[in-house]
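Please work from the sequences and hints to get the whole structure.
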Amino acid sequence: MLERRPLFEISVFKYSIPNWEEKKIKLNCMLSNVEYEWHRCNTDYFSSDGKAEYFDEWYSIMEDDLNQVLPRLGLPFKSKDSWQLWSQEYKMNEFHGPHNHGTANLSAVLYLDLHWMEHEGTTFYCPYPDPFFGSIQEVTAEVKEGDILFFPAMLLHASRPSLSDNVRKIISFNIPVGMDN
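Residue 177 in the working numbering sits at position 176 of the sequence shown, with consecutive numbering throughout.
The set of hints was computed from the structure by calculation and includes no laboratory data.
It is possible that part of the hints are untrue.
Stated by the list, open to error - Straight-line alpha carbon distances no greater than 20 Å define the calculated EDC-like cross-link-like pairs of lysine to aspartate or glutamate that follow: (1) K15 with D131; (2) K81 with E119; (3) K79 with E64; (4) K79 with D50; (5) K170 with D114; (6) K52 with D82; (7) K25 with D57; (8) K145 with E90; (9) K25 with D148; (10) K24 with D50; (11) K27 with E4; (12) K145 with D66; (13) K25 with D50; (14) K25 with D66; (15) K92 with D181; (16) K81 with D181; (17) K79 with D166; (18) K170 with E119; (19) K24 with E54; (20) K81 with D114; (21) K25 with D65; (22) K27 with D66; (23) K15 with E143; (24) K15 with D57; (25) K81 with E64; (26) K24 with E58.
Right, here's the structure in full:
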């Protein structure tokens, strides 16, 4: 009898936010005065060093969701003062090439404005080549507005070039894993 037994598996976790329309209004209002810089997409990551000034407002909007999801992941997370948060907008032909967010973090993308017929989710790349053919597998996440994808920060990922006149907007965050000292 031949039995398949995967040795390595990498999981991402998708959470769909309840009461999305209500939270979407609050989140977009929160971001209405953000000044973005252009780095192949519009982002406030560099101007805030990944610590957006709207963090507390974002956290108050998302706290119930985070309290429901994070304990279920079974990881020891550091306190929220060490988290990073930023937002990005993608207009026509804008993209964010393959990158990762380092080690010892759980990364997440909240899809704030995502037109289902025109935008796609984040593309992830397998961290090791196919053992028989040497190719690198890639998977584009199936998501909708109001979804949050949680994934290991060192997993290579990208946002492919937008082919839409509608803006694709996300909020990203990193949660350090480990014990606070």
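Comparing the hints with the structure gives:
For the given pair, K15 sits about 25 Å from D131 by alpha-carbon distance, which is inconsistent with the 20 Å threshold. Of the supplied pair hints, the one linking K81 and E119 is violated, its CA atoms being roughly 34 Å apart against a limit of 20 Å. Between K79 and E64 the CA atoms are separated by roughly 15 Å; this keeps the pair inside 20 Å, and the hint holds. A threshold of 20 Å between alpha carbons decides the hint, and for K79 with D50 the separation of about 18 Å falls inside it, so the pair holds.
Under the criterion of a C-alpha separation no larger than 20 Å, the hint pairing K170 with D114 is consistent with the structure, at around 5 Å. For the hint linking K52 to D82, the alpha-carbon distance of about 9 Å falls within 20 Å, and the restraint holds. Distance restraint check for K25 and D57: the Cα-Cα separation of roughly 16 Å lies within the 20 Å cut-off, and the hinted pair is therefore satisfied. For the given pair, K145 sits about 16 Å from E90 by alpha-carbon distance, which is consistent with the 20 Å threshold.
Between K25 and D148, the direct Cα distance comes to roughly 11 Å. Compliance with the 20 Å bound is thereby established for this hinted pair. Of the pairs offered as hints, the one joining K24 and D50 is violated, with about 25 Å between alpha carbons and a cut-off of 20 Å exceeded. For a cut-off of 20 Å, the pair hint linking K27 to E4 is broken: about 50 Å separates their Cα positions. Proposed proximity of K145 and D66 is supported: the alpha carbons are some 17 Å apart, at most 20 Å.
Pair hint K25 plus D50 does not hold up; C-alpha atoms about 24 Å apart against a cutoff of 20 Å. The suggested pairing of K25 with D66 holds, with an alpha-carbon distance near 13 Å, which does not exceed 20 Å. Taking the CA atoms of K92 and D181, the gap is near 39 Å; set against the 20 Å cutoff, the hint is violated. Restraint check for K81 and D181: the C-alpha separation of about 10 Å stays at or below 20 Å, so the hint holds.
For the hint linking K79 to D166, the alpha-carbon distance of about 39 Å lies beyond 20 Å, and the restraint is violated. About 13 Å separates the Cα atoms of K170 and E119, which keeps this hinted pair within 20 Å; it holds. With a C-alpha separation of about 18 Å, the suggested pair K24 and E54 falls inside the 20 Å cut-off, and the hint holds. A hinted pair counts as satisfied when its Cα atoms are at most 20 Å apart, and K81 with D114 does not qualify at roughly 25 Å.
Only pairs whose Cα atoms come within 20 Å are accepted, and K25 paired with D65 is accepted, the gap being roughly 15 Å. With a CA separation close to 15 Å, the supplied pair K27 and D66 stays within the 20 Å bound. For the given pair, K15 sits about 9 Å from E143 by alpha-carbon distance, which is consistent with the 20 Å threshold. At roughly 23 Å between alpha-carbon atoms, K15 and D57 are farther apart than 20 Å, so this suggested pair is violated.
Taken as a hint, the K81 and E64 pair is honoured in the structure, with Cα atoms around 11 Å apart against an allowance of 20 Å. A distance of roughly 12 Å separates the Cα atoms of K24 and E58; the hinted pair therefore holds under the 20 Å criterion.
Comparing the model with each numbered hint stated earlier shows that hints 1, 2, 10, 11, 13, 15, 17, 20 and 24 do not hold.
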